[in-house]
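Engineer: Build the complex: two chains, separate frames, hints provided.
The lines below spell out each chain.
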Amino acid sequence: MDILYFAWVRERVGKDREQLDPPKEIKDVRALIAWLAARSAGHASALNDTSALRAAVDQQFVALDASIAGAREVAIFPPVTGG
Amino acid sequence: MIDVRLQTEPFDAGVELGRLDRLGGGGVASFTGIVRGNDGLVELLLEHHSQMTLAMMQALAREAVERWALLGVTIIHRHGPLHPGEPIVFVATAARHRGAALDACASLIDRLKTQAPFWKRETFVDGRSQWVEARASDDAAAARWLRDER
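Which chain is which? The protein sequence lines are A and B, in order. Residue numbers for the first sequence, in the working numbering: 6 to 88. Residue numbers for the second sequence, in the working numbering: 56 to 205.
If you're looking for bench data, these hints aren't it; they were derived computationally from the structure. Wrong hints could be hidden among the right ones.
Reference listing, derived: stretches of chain B covered by chain A, where coverage requires no fewer than 3 residues with Cβ under 8 angstroms from a Cβ of chain A [what the hints assert, rightly or not]:
hint : segment
1    : 93-105
2    : 168-175
3    : 180-189
Derived Cβ-Cβ restraints for the label pairs, each shown as a range [claimed, not checked]:
hint : chain 1 : residue 1 : chain 2 : residue 2 : range
4    : A       : Lys32     : B       : Gly154    : 38 to 48 angstroms
5    : A       : Arg22     : B       : Asn93     : 29 to 39 angstroms
6    : B       : Ala191    : A       : Asn53     : 16 to 26 angstroms
7    : A       : Ala43     : B       : Leu201    : 34 to 44 angstroms
8    : A       : Trp40     : B       : Gln62     : 47 to 57 angstroms
Yeah, the Cβ is synthetic: ideal placement off N, Cα and C, and Gly gets one too.
Looking at chain B on its own, in the form it has when it is part of the complex (with noise of 0.2 angstroms):
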């Protein structure tokens, strides 16, 4: 099962689980990412590139299955503005055993991050707004999944 979305509603973490857990494997891991209210942030708004985004989710997802060997995995990540407390991303996936479930996991999230095109804008409190940029540790931690051939 492969359930890849890109929307501006939420989702609801609880219920995408409940689907991975019936596939009938051994684990289900999961990642959601909720938007953070430091600095006295007030909006976050994803931009995103009408159709090479999805593909490039689909992509991600569709790698981690074969190398993994996954019975499921579901990533949703959402665009448009989004506020505090808010989830952002989610990813999870299942599989026979948790070393695949949690291996597969923490490789899609870090590599959505620097290969799925997305591009942040925070607006602060005081009328502040300024694009995120991208970190270098975000890079390694991607580019971690490329060497390591479990």
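Only chain A is shown next, with the shape it has when bound in the complex (with noise of 0.2 angstroms):
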């Protein structure tokens, strides 16, 4: 699965992308964002405040508790400012 980040939470985790294949039990992009948070200071840094995240599954927006079963990619960003 590949695991995208963006803005300040790509600069905390200090990485664009990672591919990782998460455990069997991880189903929701809440439980993914708390496993990927174990991963280092930095991840915990940019992921230990979920309420601050937005995610989005195979390029489509969802809500942290949406299934990530058969997810190819998986975004984790703060809310977009575009405009």
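Structural biologist: Okay, here's the thing in structure tokens:
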């Protein structure tokens, strides 16, 4: 699975993407974020406060309780600020 | 006509409006967003998702064409480093009547702000740099178009 990070999430994690295979018991985005947060201090500082995070699964915006079953890409980022 | 572009280079709003003027409708509406130079801002950096951003912009354009029976829509959003006074985003709509053109244009810029994956980083003259925070007022503006079934 490709995990993508954007904006300050990317900066705190220290990379813009990583390829990882989460264990089977990780079923939704929120659980994935908690699993990722344990990877490093940078991950933790980016991912500990899930209220500041939004996500997209296979390039569709989703709520954090959305399933990641079969997902090829999960993107994690702060609320968008375009326009 | 649906023309959606994600680019680093500037655009010429006059040229873009001319293309919509020639579609034979009764009205063309447009919005151009410009980088504000408030508070000593020297650079605005726009980050985006290499595939999802353009796809979301195209989906919003298609939805607007269908909802307001537009004759044409142009959406241009720039990314990368931008500076005060530079145009950052352009939305223009052509329709048979002004109401559809104006509503579609307003809806598109409101929804681009909350539904297209862009993130802005501001850098100021004293070297400070910060990510722009999303505003609840932007969410409210976009939500208005979901409620209003005109």
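Engineer: Each of the hints needs a verdict: does it hold here or not?
Structural biologist: Here is how each hint holds up against the structure:
| no. | hint | result |
| --- | --- | --- |
| 1 | 93-105 | holds (count 4) |
| 2 | 168-175 | holds (count 8) |
| 3 | 180-189 | holds (count 4) |
| 4 | A:Lys32 <-> B:Gly154: 38 to 48 angstroms | holds, 47 angstroms |
| 5 | A:Arg22 <-> B:Asn93: 29 to 39 angstroms | holds, 33 angstroms |
| 6 | B:Ala191 <-> A:Asn53: 16 to 26 angstroms | holds, 23 angstroms |
| 7 | A:Ala43 <-> B:Leu201: 34 to 44 angstroms | holds, 37 angstroms |
| 8 | A:Trp40 <-> B:Gln62: 47 to 57 angstroms | violated, 37 angstroms |
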